[in-house]
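Engineer: As given, the protein sequences belong to chains A and B, one line each in that order.
Its first residue numbered 1, the first sequence is counted upward by one per residue in full-length UniProt numbering.
Its first residue numbered 1, the second sequence is counted upward by one per residue in full-length UniProt numbering.
One thing to keep in mind: the hints can contain errors.
The calculated label-pair distances, taken between Cβ atoms and stated as ranges, are [as the list claims (entries may be wrong)]:
1. B/76 x A/155: 25 to 31 angstroms
2. B/109 x A/77: 54 to 60 angstroms
3. A/290 x B/35: 37 to 43 angstroms
4. A/54 x B/641: 53 to 59 angstroms
5. A/642 x B/497: 54 to 60 angstroms
6. A/717 x B/236: 21 to 27 angstroms
7. B/128 x A/155: 51 to 57 angstroms
8. A/717 x B/163: 52 to 58 angstroms
Using 30 angstroms as the maximum straight-line C-alpha spacing, the simulated BS3-like pairs for lysine-lysine come out as follows [what the hints assert, rightly or not]:
9. B/638 x B/516
10. B/436 x B/370
11. B/516 x A/26
12. A/63 x B/436
Honestly, the hints are just simulated from the structure, not real lab data.
Positions of the beta carbon are idealized from the N, C-alpha and C atoms, including for glycine.
There are 2 protein chains.
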Amino acid sequence: MFKAYFLSLALSLFITLSSFANDGYKLWMDYQKIENLELKTEVSDLLSNIYFFGKNPTYEAIKNELKLASDSWIGRSPKFSQERLTSAKFYLGTREEFSQVLSLTQQAEIKALGEDGYWMGPVEIEGKTYFSIIGNKPVGVLYGTYKWIKTIQTNTFSKDTEFSDSPKIKLRMLNHWDNLDRTVERGYAGFSIWDWHRLPGYIDPRYIDYARANASIGINAVSLTNVNANALILTTDFMKKAKALADVFRPYGIKVFLTARFSAPMQIGGLETADPLNSEVIDFWKKKTDEIYSFIPDFGGFLVKANSEGQPGPHEYGRNHAEGANMLADALSPHGGLLIWRAFVYSHEDEVDRHMQANNEFEPLDGKFKDNVIIQIKNGAIDFQPREPFHPLFGSINKTNVGMEFQITQEYLGQATNLVYLAPMWEEVLKSKTYKPSPASTVGSVLEGKETGQKTTLIAGVSNIGTDRNWTGHLFAQSNWFAFGKLAWNPEATSAEIAEEWTKLTFSQNQEVVSKVGEILLVSYETAVNYMTPLGLHHIMGRSHHYGPGPWVVGGRADWTAPYYHQADSLGIGFDRTIDGSGALNQYAPEVVKNWEDPHQIPEKYLLWFHHVPWDFELSNGNTLWEEIAYHYDQGVKEVRQMQKTWDSLESQIDPEEFDHVKQLLAIQEEEAEWWRNACLLYFQTFSNRPFPSDIEQPEGNLEYYKSLMFPNAPGI
Amino acid sequence: MFKAYFLSLALSLFITLSSFANDGYKLWMDYQKIENLELKTEVSDLLSNIYFFGKNPTYEAIKNELKLASDSWIGRSPKFSQERLTSAKFYLGTREEFSQVLSLTQQAEIKALGEDGYWMGPVEIEGKTYFSIIGNKPVGVLYGTYKWIKTIQTNTFSKDTEFSDSPKIKLRMLNHWDNLDRTVERGYAGFSIWDWHRLPGYIDPRYIDYARANASIGINAVSLTNVNANALILTTDFMKKAKALADVFRPYGIKVFLTARFSAPMQIGGLETADPLNSEVIDFWKKKTDEIYSFIPDFGGFLVKANSEGQPGPHEYGRNHAEGANMLADALSPHGGLLIWRAFVYSHEDEVDRHMQANNEFEPLDGKFKDNVIIQIKNGAIDFQPREPFHPLFGSINKTNVGMEFQITQEYLGQATNLVYLAPMWEEVLKSKTYKPSPASTVGSVLEGKETGQKTTLIAGVSNIGTDRNWTGHLFAQSNWFAFGKLAWNPEATSAEIAEEWTKLTFSQNQEVVSKVGEILLVSYETAVNYMTPLGLHHIMGRSHHYGPGPWVVGGRADWTAPYYHQADSLGIGFDRTIDGSGALNQYAPEVVKNWEDPHQIPEKYLLWFHHVPWDFELSNGNTLWEEIAYHYDQGVKEVRQMQKTWDSLESQIDPEEFDHVKQLLAIQEEEAEWWRNACLLYFQTFSNRPFPSDIEQPEGNLEYYKSLMFPNAPGI
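The task is simple: from the sequences and hints, build the whole structure.
Structural biologist: Here it is, written out as structure tokens:
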């Protein structure tokens, strides 16, 4: 997979010698020469004559992809036949286009795969069998083609084997938090790839590669703009720009959504109110929506953050979230558009435990939302912490469409300098048992619509993509974009199988590489939790930028301070959310309450999330809580060092530019892990008044020093 | 030069098919396979055994470059010999290292080339002749190597020919206007390539390519930060980051400068004053400077913008520019550092014609600046307008070091969407006759120190570099970076010869390509002047962002409005700067005054810069002024269309991604040229009350519409 570079001769004076090696731009689509001769022959044969059963823009996109792959695999371009009866070897098309050559049973089987599904395998045409890829729609053919390409890349292709697949989630969506000035909120990979100023006239080729990358992992929807929205995106000038992007994405099966600022009728409509029940407001949104559809006939809809963190919303007018959402949904409905309404709401005027506020708001409204509304719920009730128990709303509303919001960008997880593979976190959430609405319910089964029959299903992820050449800042952060797509397509996939596939496509099929990179990936999440927020600690990051530790952060609104969350005092640490505390635990099903209400029974990873526990509380391994906290922080640092060793051992097998890139970042990660450990332990020791266990590396440095660190230009704010 | 791409098969639905074609990243260093067999044999022979007469980091950089070139030229790496007596074919080293094999005459000739000079040609060693590159210092060897590489790329190498060169300007410097949050003031190529947050731990390979590109065109100094400076760059944390960059650049002969905020003693030093005569302030700067040199032993010095556009400076304390500059110069002097002080000063409290203010400030201070101070003067007296007469200061101070400040980034020249090759503008300025201090003086001869004997010479350019993959936003803007380096090395070079070299290195040696791209390059500057500000018009751009026309911009301080500069009224148009007007013309030498004081004699390109002229004023071709203005605007649009046609005719000979990129931008440029023409002519017609000439394309649209256009997120502000 990787290439030999003469540049690997290291010069003592250069970190990397140069420059024109593998910069990571090609992501998991860095097609390489096929070394296996048998496979090469077979693939060459297929590519020598390809027939498409129809014509449409998506097939042109597929041809483009086959060209790119073929040029790299076998050093020449594929041939596309105009006449299927000549001598085509490889057939692609929709079930309908194939109908004359498929049996009714075959057709029914394929039809059952749904609109994004596909089938590939041998098809008999006029007495001969030909390898074929068949979708119910052109986009299914596209997904099938990407799957086929991956089988070649991973050397697992056999043209006699049948394979079919279809997504379990209808909308697999990226949420860009990109501002119109190209800054990206919580972006750590440079700036926004949307060059608004030069749109619509200038189409950056990167837009196409972005669409290719998304389609290759099944992502089919994108919200272009920040949820902290700017109403200007809804002006005609910006609609034309958004249209240009939608035109690029359409052949790749990707729909465009925009964020709607609830107060837009006032900002760009000249109205004095944004009251969702006001007829002028209703008219504004109807006309605005009609206008958008005049530019983008398949526009996806709006994504809205309302009445949260200062964003405008229906509460200003005494209306509830359903009234706000439904008004917008009504404007979209005639066009088949969707209204995605975020459940991430909490207020500085609300004294109730922040953990409870979203559930308190939305549970009573269950069933009051229109059919084309989806409530988009973050994985946990606080805010994308390194580890959160699942959001209670996944259990508590079941007469409303619900969707998931994951965060791919690593706001609280080391940003662009820490290697953290997030799929294990997402898998943990998706497999969490909600026990509601049914005893077997999990977050994943709720999202798939299995529990409620909801048809408009959604998994969204906050993008980690920016202008950095490798798209994601950290090369390994590509694995999170990749894994997000895979889990959104199939929430039952495992983080381990995704890690293996990503590694093979990105680095090498070499067994040592696959195994060692896999080790790094799979340990990385728990490692980060250990050195950041072990045992259920949360929200103790630096203020505002969330970079590095800040357990001492106080001042301003209570729920933006760290002590609000860790509640450390001379007796112990942790947030009592049981019935004796805030009561947030009782928003979950009784079975969950039962499992978690006893500090001796709750999985220790959630301990301090739900319980305030004495420093000498004894854990299952016999350690006291204080000791265990110290061991976790120390273990996090040690694990980073082990990741470094493992990576170093791969030097000869990884492209030198990629190797150096990751090596440098791992060195930063080690420093940052030590910083987290030292700062947090020194800080918490001021409450515990206990010595550190003697068998850990003793925290160095001075608490005042750590508190004094300032990052005035940290990215992503 | 260009490559064949299968991707060139255009699909109707895609602007560019993809993606992995030539994205312009390699600039003029996109080394290609040598097709000429004779040359290939000769080059292969040389590269088969290379001997360096010494060891140092710059030689490692040269080896790296030779590897990159060799791999592309002949498909294999060069061999570096440890023993010169074995069988080396190609020798590199300094004059001193070569001393045993060079005659005293040869040594003297090379020595005369100065510290950055080099010589290449055959050298006799033990009875045989070998091709050699010899510098006075290692950096000369580096410059010689880049020159040698260019001769291979342009197929002009002969190993029997001697060649030597040395720069005419000592400091050839890029000024980055990059902020610490990575925005770039007047940046149109994305964001700052300095990833401050991840420095010093993470060294982006792009830093090395940046250094290579600069060294390849002779640039040897860089100011990293915006002249509208942030004092944080002078904190220890940021010094460590700057040191990391300095370490990368050092082997390439590039020195780092930083911008110093005059009020830094207050912002980061805890002082209550920044008075340059205050002993605590003096002490602050001395310690700060010492600290910088502890990190960067060859630190270049400070670049300062003071008492201009709201920046702090010595005037707050009743001190003049010399007192401010000298205090900083004294802090730098023990370390051999330079203090570069900008002459771009004007005040909203000063009623005097802005054109005159810098000269008024600095002329009386001539001779009062320390030896290690350079006054950096913009090419013209206003602010990087599409065309300005040369700055009077180039004639009026001659007992002080003066340097040039060009603007490479196209703030007023179409930003990232207009193709404008700036070398003709710079050439025009450099060749302008100042008549002072001597009758033969030109701006160029003053800068070279020929007139005053000044030794510390400087040509600086405001960088057009950003995170865009092709570095400069517009592929053709690379030609401006290139040309800047070439002219800073040799201010007597012509824009035509630079255009030819850039084209050959960037696109192809094919004669048709060289000739047609040359046509486009050489017409582009006059074209932009025509559709923006013909006949001496200036500063009529949109407010603040300077994007597009804004001759109607009024309100706020007078010298930031357009009518201040165009002075259009019912009688005529233009700024009377003769003795009857502001008198600015009299800041020039009497010979200049004589040439320019009569509106019938002044070159028409400067007419409205110095004269208020009636609408019916007759020009040399018999047209009235009003007609001539209209013809110029119209001509600008027509020329853009001609550039489009010329470019289109090259489609088969240019890499498809590059072709599409430029084609899209030319289409935008055509629209913007029409916008300029229509908006300006409709606006000026409200004063002239005359019809447009019937033989021009009649301005379309409505003035109110053009005035209503808003660009709230235009880049670069």
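Engineer: So, for every hint listed, does it hold in this structure?
Structural biologist: Checked hints:
1. In this structure, residue 76 of chain B and residue 155 of chain A meet the distance hint of 25 to 31 angstroms, their C-beta atoms being roughly 30 angstroms apart.
2. About 55 angstroms separates the C-beta atoms of residue 109 of chain B and residue 77 of chain A, a value consistent with the hinted range of 54 to 60 angstroms.
3. The hinted window of 37 to 43 angstroms between residue 290 of chain A and residue 35 of chain B is violated, with their beta carbons roughly 59 angstroms apart.
4. About 39 angstroms separates the C-beta atoms of residue 54 of chain A and residue 641 of chain B, a value inconsistent with the hinted range of 53 to 59 angstroms.
5. For residue 642 of chain A and residue 497 of chain B, the hinted distance range of 54 to 60 angstroms is satisfied, since their beta carbons lie about 59 angstroms from each other.
6. Remark: the range hint 21 to 27 angstroms for residue 717 of chain A to residue 236 of chain B is upheld by a beta-carbon distance near 23 angstroms.
7. A beta carbon spacing of about 54 angstroms between residue 128 of chain B and residue 155 of chain A agrees with the range 51 to 57 angstroms that was offered as a hint.
8. Range check, residue 717 of chain A to residue 163 of chain B: Cβ separation about 53 angstroms, and the 52 to 58 angstroms hint holds.
9. Between the alpha carbons of residue 638 of chain B and residue 516 of chain B the distance comes to roughly 17 angstroms, so the proposed pair stays at or under 30 angstroms and holds.
10. Taken as a hint, the residue 436 of chain B and residue 370 of chain B pair is honoured in the structure, with Cα atoms around 22 angstroms apart against an allowance of 30 angstroms.
11. At most 30 angstroms may separate the alpha-carbon atoms for a hinted pair to count; residue 516 of chain B and residue 26 of chain A exceed this at roughly 34 angstroms.
12. Of the pairs offered as hints, the one joining residue 63 of chain A and residue 436 of chain B is violated, with about 67 angstroms between alpha carbons and a cut-off of 30 angstroms exceeded.
Checked against the numbered hints given earlier, the structure breaks hints 3, 4, 11 and 12 and satisfies all the rest.
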